[in-house]
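Protein chains: 2
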Amino acid sequence: MHASGVIVEYNPFHNGHQYHLQQSKRKSNADCMIAIMSGPFLQRGEPAIVDKWHRTRAALQGGADLVLELPYIYAVEHSDYFSQGAVRTLAEMGVDSICFGSEDGNIQSFIDADQYLSSHQPIYDQALRTFLNEGYAFPEASRLAFQQIGFPQDGIDLSQPNNILGLSYVKQMLTYHKRVEPLTIQRTSSNYHDETIDSRIASATSIRKEMKTEGLSLRVKEALPSSTVDQLREYKTRTSIWHGWEHYYPFLHYKILTMTCEELREIHGVDEGLEHRLQRTVKRAASFEEFMKALKTKRYTWTRLQRTLVHILIGTTKQQARQLLLDTKPAYARVLGMNTTGRNYLKQQKKDMDIPLVTQPQQLDHPMLDLEERASISYYSVLNADSRIERMDREYKAPIIL
Amino acid sequence: MHASGVIVEYNPFHNGHQYHLQQSKRKSNADCMIAIMSGPFLQRGEPAIVDKWHRTRAALQGGADLVLELPYIYAVEHSDYFSQGAVRTLAEMGVDSICFGSEDGNIQSFIDADQYLSSHQPIYDQALRTFLNEGYAFPEASRLAFQQIGFPQDGIDLSQPNNILGLSYVKQMLTYHKRVEPLTIQRTSSNYHDETIDSRIASATSIRKEMKTEGLSLRVKEALPSSTVDQLREYKTRTSIWHGWEHYYPFLHYKILTMTCEELREIHGVDEGLEHRLQRTVKRAASFEEFMKALKTKRYTWTRLQRTLVHILIGTTKQQARQLLLDTKPAYARVLGMNTTGRNYLKQQKKDMDIPLVTQPQQLDHPMLDLEERASISYYSVLNADSRIERMDREYKAPIIL
Chain A
19 MHASGVIVEY NPFHNGHQYH LQQSKRKSNA DCMIAIMSGP FLQRGEPAIV
69 DKWHRTRAAL QGGADLVLEL PYIYAVEHSD YFSQGAVRTL AEMGVDSICF
119 GSEDGNIQSF IDADQYLSSH QPIYDQALRT FLNEGYAFPE ASRLAFQQIG
169 FPQDGIDLSQ PNNILGLSYV KQMLTYHKRV EPLTIQRTSS NYHDETIDSR
219 IASATSIRKE MKTEGLSLRV KEALPSSTVD QLREYKTRTS IWHGWEHYYP
269 FLHYKILTMT CEELREIHGV DEGLEHRLQR TVKRAASFEE FMKALKTKRY
319 TWTRLQRTLV HILIGTTKQQ ARQLLLDTKP AYARVLGMNT TGRNYLKQQK
369 KDMDIPLVTQ PQQLDHPMLD LEERASISYY SVLNADSRIE RMDREYKAPI
419 IL
Chain B
19 MHASGVIVEY NPFHNGHQYH LQQSKRKSNA DCMIAIMSGP FLQRGEPAIV
69 DKWHRTRAAL QGGADLVLEL PYIYAVEHSD YFSQGAVRTL AEMGVDSICF
119 GSEDGNIQSF IDADQYLSSH QPIYDQALRT FLNEGYAFPE ASRLAFQQIG
169 FPQDGIDLSQ PNNILGLSYV KQMLTYHKRV EPLTIQRTSS NYHDETIDSR
219 IASATSIRKE MKTEGLSLRV KEALPSSTVD QLREYKTRTS IWHGWEHYYP
269 FLHYKILTMT CEELREIHGV DEGLEHRLQR TVKRAASFEE FMKALKTKRY
319 TWTRLQRTLV HILIGTTKQQ ARQLLLDTKP AYARVLGMNT TGRNYLKQQK
369 KDMDIPLVTQ PQQLDHPMLD LEERASISYY SVLNADSRIE RMDREYKAPI
419 IL
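From first to last, the protein sequence lines stand for chains A and B.
Note that this note's numbering numbers the first sequence so that position 345 is 363, with each residue one more than the last.
Note that this note's numbering numbers the second sequence so that position 337 is 355, with each residue one more than the last.
Treat the hints with care, since some could be wrong.
A pair counts as met if it fits within one copy or between any two copies, since identical chains are not told apart.
Claimed, not checked - Here are the computed lysine to any residue pairs in the SDA-like style, where the Cα-Cα straight-line distance is at most 20 Å:
| no. | residue 1 | residue 2 |
| --- | --- | --- |
| 1 | Lys-301 | Pro-379 |
| 2 | Lys-368 | Ile-407 |
| 3 | Lys-311 | Ala-403 |
| 4 | Lys-336 | Cys-279 |
| 5 | Lys-301 | Leu-387 |
Simulated from the structure, these hints should not be mistaken for lab results.
In this text the structure is predicted, and so the values were computed from the model without any measurement.
Okay, chain A solo, but in the shape it has when bound (with noise of 0.2 Å):
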């Protein structure tokens, strides 16, 4: 059997989505499609909308057939990171391939792109650090040092999230993972971040803007496969929300007014006096939409600022980021559900495999594992008990399987 990846967040699972997985299964040849996916939390520091075993369900009735687990600590990154522990999770579960959407659907040019870079990447990493210092937030800084360096204006476009992704798991699979190769189909129309809904493939950014005023809507019901579409409504029935920021803020005021300085400075993320900051703003603002806007700078962006208050939110400590983000190899690789076709393909795959694979958390003791827990924890404190310890409970059982 042969498998191949996709790296992805399915907040929620949408017909986008679905086309990406039918097209990476036909370009790739596989047999079995493998999904990453965070979990709680996503990578520009925000709530998933609904847990993660909602999410799974969805992705598994839309074509996945093995659905793991990215580590919170990967997943609330910058690209080089999230590609980091996305791509070398996929490599050690053998995938031939990882296949990634991009506006430009020619796998050449991501490759083009980083040779490049790679020949000039001191050049690049000089010309980042000066932009930095400078004050400018890291997109704008990374925009200005590939024009620094001269990188062709024919080449793909670096000032799109989604291609920066694309070029980081090019970069990892080259590098790292010579073996896995790096694939690309055409995204069908609709931006990542697109906020208004205008065709049956959508946005999810616009999906979620349409949903939390319209719930689920006709439009919404149109970018959704049905599967989806039950999940999310179960999930609301169940929980009496679909999560937001919004529903943290009190206990993120509580949080950072009732930490010390000297605490939050310790916190992944909290850099350049930003405590200060943080502690100042937090009490004078009403909502976290305001919390944010007084808090954003020109040189924090709201994706890092976001991210630093999930670190916060869950406690996570420079010196835990630090030592489990350098560590080359993945911890484990942990199955959230699968399909019989991804159940083969694990049993097939298991005796190879130089990682733990772990089907429910206690059966591995591990920093990572914990620190997993936290994020949890974290994630369904918004929830009334019942709820919450349902949720909980949830998270030690076996994985989803269709």
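With chain A fixed as given, assemble chain B onto it according to the hints.
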């Protein structure tokens, strides 16, 4: 001008408290009645039902001339530290006497008890230690130790928490503040712990219990001065709640489970492996009451556990508590409110005071005030954002002047 002190919680200020103030004024012959009152959290380890400001206003309208705040670190402590904080501050305020309520109403009984205890202190201490080591909770161990040293059967009843407190006050005065005369007045009916209201003089416990289910019922209103009824009504209109432990349970749950065992162990009151029991128990408990019931053992009294939970909520470490509690002198006296009499007394007394008089916390830089701020933040965390901001703003404003 002469002043007398009372040591209070006013949760809420009721007819019995008003009677206590009147009688104390008469007995002490004082011009100015100074009440030192617990702030957001109380001696039994509970949040006050309404904030200190609404309780202060009711106290001023009910006969107090000057209201001071007993810092949280003393307020949420067993009788020795509680008395130490309160008596020392009142002594610094220059009171001639401190008058407390007792069933007995005869100060000589307390003085005799103190003398008997002083002369048997080493045997008492040893007996107490033995019983504690045998696993008895403090109140029971203490009762057995009194028995062991042959404490007279016809002396004051030391199984009554209020008598233990009274004795503690007397001991503080006789040992460290000989200039301050201990006085007691007889309580009119109603035990401290009575759970039902059966007259105009009812216990605060019974009043809170009735309020919880019946709101400001006729019976509640009969047991309270009308100014207290107004203050309770206003607080609820403003913030929508009367505080109780259940409001804090989501925060406590989140806090306990996102701290490591090592961090929990550093918290004031978390001893003898309690950290493991806390984490294990909180996971399964759907409410504060369920949590407490599962947590309680013979060794840990309800009160001791609740105090520890307050320290966890606020994040007070053993080190902070030790430093502050070992200070032999109060760090400051904080004024919450006063009438003209109180103001005149302050004017007269100010120049003779050895400790800073604080009318707004920003006037002084002291670790005690940092901790007070965290206590307030924790207390107000359960309010909606607008009330939370408004109430925290109040903390930095001038005292109530009636």
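Going down the list of hints, with the structure as the test:
{"no.": "1", "hint": "Lys-301 x Pro-379", "result": "between (37 Å within a copy, 16 Å between copies)"}
{"no.": "2", "hint": "Lys-368 x Ile-407", "result": "neither (32 Å within a copy, 55 Å between copies)"}
{"no.": "3", "hint": "Lys-311 x Ala-403", "result": "between (31 Å within a copy, 16 Å between copies)"}
{"no.": "4", "hint": "Lys-336 x Cys-279", "result": "both (14 Å within a copy, 18 Å between copies)"}
{"no.": "5", "hint": "Lys-301 x Leu-387", "result": "between (33 Å within a copy, 17 Å between copies)"}
Of the numbered hints given earlier, the model fails hint 2 alone.
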